[in-house]
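Asker: Below are the chains, spelled out letter by letter.
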Amino acid sequence: MAISAVGLRRTYTRATGFLRRERSEVVALDGVDLQVPTGEVHGLLGPNGAGKTTLCRILATVLVPTAGTATVAGHDVVSHKRRVREELALVLGGERGFYDRLTGMQNLLFWAALYGLSRAESDRRARMVLERVGLAGRGEDRVGTYSRGMKQRLHLARGLVAEPRVLLLDEPTTGMDPIATKQFHAVIQELCEGRTILLATHDMVEAEVLCDRVSIIDDGRIVATEKPQTLAAWMSRYERIDVDGVAPALAETLRSVAGVGRVTVGTDGTTRVETTADGASETVLRILLDEGHTSIRTSLPSLEEVYLHLLGHRDR
Amino acid sequence: MAAFLAGLRLQLWWARTNVDELQAFVITPLFTVLFGAVVDDAGRPDLFAGAVLGGGLIGVWMVCVQVGGNIIQHARWSGTFEGLVSTPAAVPLVIAGRMAVVVGVTVLLLPEAWLVAWLVFGVAVVVPHPVVLLVALLVTLVGLHGAATLVAGLCVLGRRPYVLQLALTFPFYLLSGLVVPVSVLPDWLRPVSNLSFLTWGAALLRSALLPGEPVGLDWRFAVLAVTSATTVSAGFVVLLVVLRRASIRGTLHLV
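Chains A and B, in that order, give the protein sequences.
Read in order, the letters of the first sequence are residues 1 to 316 in our numbering.
Read in order, the letters of the second sequence are residues 1 to 255 in our numbering.
Bear in mind the hints are in silico, worked out from the structure with no lab data behind them.
Take these hints with a grain of salt, some might be off.
Some chain A residues well away from chain B (every beta-carbon gap over 10 Å; in silico) [said to hold, decoys possible]:
| id | residue |
| --- | --- |
| 1 | Thr71 |
| 2 | Arg132 |
| 3 | Glu163 |
| 4 | Arg165 |
| 5 | Ala180 |
| 6 | Leu300 |
Derived DEER-like restraints, expressed as beta-carbon distance ranges [unchecked claim]:
| id | chain 1 | residue 1 | chain 2 | residue 2 | range |
| --- | --- | --- | --- | --- | --- |
| 7 | B | Leu108 | A | Thr174 | 39 to 45 Å |
| 8 | B | Thr230 | A | Val209 | 54 to 60 Å |
| 9 | A | Gly137 | B | Arg159 | 35 to 41 Å |
Heads up, incomplete: computed chain B residues facing chain A, CB under 7 Å, no partners named [claimed, not checked]:
| id | residue |
| --- | --- |
| 10 | Ala2 |
| 11 | Val85 |
| 12 | Ser247 |
Predicted, not measured: the structure shown is a model, and the values here were computed from it.
Just so you know, even glycine gets a beta-carbon here, dropped at the ideal spot from N, CA and C.
Extracted from the complex, chain B is given alone in its bound form:
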């Protein structure tokens, strides 16, 4: 727990001094306006809440991949990672503490997207099912924490993994139904989409914003929980494997 809290506190200090890591707060309004304008122009007010949510979730995912994914890589370049590994603290817990802050801050992107929608289009997003929204958001954040850890671990495999981080942005927006509904994806791609916790999380969050009673909440939440837990497990396994690999190869630091 001490290691987790140490990581958490470090990231809080770090976030306060690194404004450039808050770029998503600039980009999210752009996506929000873009998606809102598309459904507005199409005369589909029923899709408006989902479109605004998509803009917010894109920002959330972007922060997890870019900021979370860079945590270890930055530490390797700055020479702090070797020092961290040489302490008695469990490195995955320190990373988990840092990721918790990264993912936690992204929550603010959703109200930001709603605020922009209200200011630009004059439409207030209402939440008919706040409990569904809250639970779906919490479980999705757990999955995002795992995804960010997974990306951070994978980034250790290369010296400059920007291409990997880039590849994990737009394809995931499409695959998880953040830009267009998953139903418009080709049949063969839908099973892949269903493997992503973000698909289930986004769908449940959309359901929480629609006026009708959501259906199949039990099994949909179960699938979200399983896919999120799987992502968290995969993140930690990858992290442990790459840490061991880096210790053997002598690549905990980069010069």
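With the rest of the complex left out, here is chain A:
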């Protein structure tokens, strides 16, 4: 296994008050079990605060777990940190993580040197990855002048400059517009072939496009590990259909359709039909069209809504 976690737990102590300090424990990871075979692109899918970044940080050896064990390329992340660090690169999303007043090239040369590469080799690889992420023409510009999308690509270049066997990508497309995200996905698919990748994201579509398998993490626990196609099935199962001007009798008819979970009417008069089973949305659409409704909108549920279905409506 390229990545393995068994019973991984991480808690933080939160202290409040000044004279009378009261301490409480916050659980970030609660017994995570995860196995990622070599060469797999594995998605870690969950909402903000689910524990994705905490897991990435532990695997990258920058955070110590409270309990449990984890290995990367067979090396323990606590007792053999240096060996782990030689095998992986942590790629964080967002605009931070660079020396903004230095050029993209200088940033990459610094990171390459930290992996023990010679000056000549660092230079060769830095130019190569800049070329491959489409930043060859901007390598001598200060990172502070880069757009968000360019910084994300530079993050990826930084991760690849030392040619690690394992890549940890934590929310690599956060804040990017849809076109830039699509381009970035293409870059990841092209450049990361043959490596083991753990991709932490809250974007279901991203997980579906890039990943061989996906683990859903919620409240610090792995809820399920599935292939992306299964996720797609969940999404289509839990479809939403919005339609205007539905008569009360028709609403009752829709409620009786097998696989329809809820039919609600909003304050603006829009009726929303939420399905919970495969094929139900087609039946609903057919009924609506037969009744002469043409102003119909369909949408997929948010990740949180899928979670609610998946997790059995427990309190979040």
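Add chain B to chain A, keeping to what the hints say.
Answerer: Positioned in the frame of chain A, the structure of chain B alone reads:
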């Protein structure tokens, strides 16, 4: 060694693009003129070289505490520190490389202070004992490197440690004899002053500027070497301890 050189090169690039970190080159002339004017007005030309040296060393110490002390803290805020820790490079060596540049650049403050003294007061600082000056300066720079590392490590303990950095400036100028001679400090404070490498370094540098033959060089250099080495050791121990603490607490990065 590769990690040290990586840090060194990074700081050279960084220093070239961050002019605000060179504020000491503006402030040092002010201290130099102030101290020079005081001894000039007092009619004590014998104290002039020491006063000018004090102005230069204040600038040196200021850079070490402010710029050196901020290296890790800035990296935590900018999100680069976690990335650095996640690489195979030994973080203390990378920091040591960066500190070497910070401390090395401060050497230029001393000739700057002498130049200002010559331009403003028309007095050229002469160096009767250049070897003493050179050796004392080198060992003092080692101590300064340790002090800067120590401050950088201590700064990791808080989110905004500016108060700590401020507290480590003026009291140290007095304690190390940069403003007034250590001999005017209260008796109970002198042993504390003697624990600082900067006290011994400044005293030896002053001796190198005085015309008479310096006395007790052997043991004074020995004490400077020991206090400097102790400061370097303390700096690295603190750095390792706070790195481990930050990894456990999850505070390698700040948001």
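Asker: Next step is simple, just say for each hint if it's right about the structure.
Answerer: A quick look at each hint next to the structure:
Against the 10 Å criterion, Thr71 (chain A) stays outside the reach of chain B, whose nearest CB is about 16 Å from its own CB. The Cβ of Arg132 (chain A) sits about 20 Å from the closest Cβ of chain B, beyond the 10 Å cut-off, so the non-interface label holds. Chain B leaves Glu163 (chain A) outside its interface by the beta-carbon criterion, the shortest separation being 13 Å against a cut-off of 10 Å. Under the 10 Å C-beta cut-off, the non-interface status given to Arg165 (chain A) relative to chain B holds; the minimum distance is some 13 Å.
Listed as outside the interface, Ala180 (chain A) is consistent with that label: its C-beta sits roughly 20 Å from the nearest C-beta of chain B, beyond the 10 Å cut-off. Against chain B, the non-interface label of Leu300 (chain A) holds: every CB pair exceeds 10 Å, the least being about 31 Å. One distance hint, 39 to 45 Å for the beta-carbon pair Leu108 (chain B) and Thr174 (chain A), holds here, with the actual separation near 43 Å. Here the CB-CB span from Thr230 (chain B) to Val209 (chain A) is close to 57 Å, well matched to the stated 54 to 60 Å.
For the pair Gly137 (chain A) and Arg159 (chain B), the supplied restraint of 35 to 41 Å holds, since their beta-carbon distance comes to about 39 Å. At about 5 Å, the closest approach between the beta carbon of Ala2 (chain B) and any beta carbon in chain A falls short of 7 Å, and the interface hint on this residue holds. Evaluation of the Val85 (chain B) hint against chain A yields a held restraint, the C-beta minimum of about 5 Å falling below 7 Å. Taken as an interface hint, Ser247 (chain B) checks out: its beta carbon lies about 5 Å from the nearest beta carbon of chain A, inside 7 Å.
The structure shown violates none of the earlier numbered hints.
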